[in-house]
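> Can you build the whole structure from these sequences, using the hints too?
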Amino acid sequence: MSLKGIVAGYVLYEVAIDNEVCMDSPDKFLESCSISANLANIVNKNIADEWDAILEMTNSYSADELLAFILFNNDLEDEKSIRCSTPSGIIKLASSILNIQKSDNVLEICSGKGDFFTGAFSMLEDFNYTGIELDNDANAIAQIRASLIGKKISLVLGDTLKYRGKTQVDKLFSNYPLMIRTSDINEYKERLCDEFGVSNDVFHRASSDWIFNASIIQQMNENGKAVAIMSDGATWNSRDEKVRKFFIESGLIEAVISLPARLFNTFLVPVTMIVFSRNNDKIRLIDASEFYEKKRRKNVLTDECIAEIMELLKEDGEKSISKSIEDFADSEYTLNASRYLDAVEIENGVELGVVVKEITRGAQIKASELDDMKASESTSSRYVTLANINDGILSVDDDQYLKEIPSNLDKFCVKNNSIILTKIGNPKVKTAIARVDDKEKILATGNLFIIEIDNAKINPFYLQAFFASKTGEKLLRSVCAGSLIQTVSLKKLKRMKIPVLSMEEQNVFADKYAAAMEEVILLKEELEKNVEKMKRIYDVG
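Here the sequence shown stands for residues 1 to 541, where the numbers follow UniProt numbering.
Hints were generated in silico from the structure; no laboratory data involved. Treat the hints loosely; a few may be bogus.
As the list claims (entries may be wrong) - Derived DSBU-like pairs (lysine-lysine); straight-line CA-CA distance at most 30 Å:
{"hint": "1", "residue 1": "Lys319", "residue 2": "Lys294"}
{"hint": "2", "residue 1": "Lys512", "residue 2": "Lys524"}
{"hint": "3", "residue 1": "Lys441", "residue 2": "Lys403"}
{"hint": "4", "residue 1": "Lys474", "residue 2": "Lys524"}
{"hint": "5", "residue 1": "Lys529", "residue 2": "Lys512"}
{"hint": "6", "residue 1": "Lys403", "residue 2": "Lys415"}
{"hint": "7", "residue 1": "Lys441", "residue 2": "Lys524"}
This is how it looks when you write it as structure tokens:
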């Protein structure tokens, strides 16, 4: 909802609660209203163009309806709006974690339209609140809301990353803009290096999420606690590894909660709630990505979901795990719960990269270029995509013939008994053995990895049998990363440890898998024949 809409609602509310308010003109309204000079200035700038519409709606709504509209209108937010309101479920969860007391001084970084203090004051005792916001319109809406709530609320219009209060505070909350790029970000980074007394490389490559997080820490007192909403990617990407290392080893992170996708009106990707405090020697990681109730346009954190998350903060479980500071070094200081909850322990495991000759990503060619290479009749050259892998079997359609494969793409051709693995991990990583005749060539496209097997070290059918197992699926999931689309990390794939048995033991598993695979191929062929037979029944009579 726009500032003008909120101002219109506010004017109508003042009329609804005070019969003495004069509506002859905007000036008469302001003269007859008992409001602060700051609020009068906001109203004056935003009612001239809306005055006729306001007059038409006068006495159409009750005071309670108008108050609810002004304070709780986030569901009316435009999906394309750049200002993203904080969902009530996130506010309730953050408030529960922060456990705000009456005497607490609370600071919100990027306070926006005042969603947090509006929600928090409806649930909690009085406390001293300060909000910092850069956007003028958002801050103006917050000023209107604050005037109606009537609590100890101070709102500051200014640069949230430059702001430093006179004293550190007890509790902080922030739903800052995610992964932004600003021309003066280096200035903020240099300042933080000075404030924390660290070398430039800690913040040099850090994303804006961690710059906001660092600013939050700087304003949290020794016994304080802070909650922030950050992008899921910043918890695991390589760019932020050094800054994550600093936060983890400095004992600044208490808990990390992976939240569901579609919680916000304006974007679909999942987000992470991170809890900061000082002197932590362990970090609680929670996967709450499936804790939600599905509504028409978005997902909602219900009171039951929040209660379940609060319980998971207390003890380990299927969706919760506590890790010591030392545990993060071997996992690139990743702060994503699934990385540890899905972890598979392989005794005496060997890195995949050691037992295979090479792992290559398929040819990254444009769709238009591939179309130009296609043949209208059968040839000895074909191509495969991730759609060709199903149930552990690589099958190629009749319309996937190529005229020829240029010599510069030969390195992307699949060799016999290689394993093809999908780069995309949604809903899971798919794998298959490639059976390639000596007279044919098969080109793998860019969403595939080609694992060329070293037959002296590992039987390809044994490796495929492991990949197809529940343990293998879980292990492959652990080398994926991404928010909305999960993709396999080549680096992690090569370092993934697999069980390597003696060749004699491998062959036993391999023979069983190969036999089962051949049976599935025959059954699929029989199924296709019967499907075609069904299609012809009516035509042939």
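> Would you list, in rising numerical order, the hints stated earlier that this structure does not obey?
No hint contradicted; all consistent.
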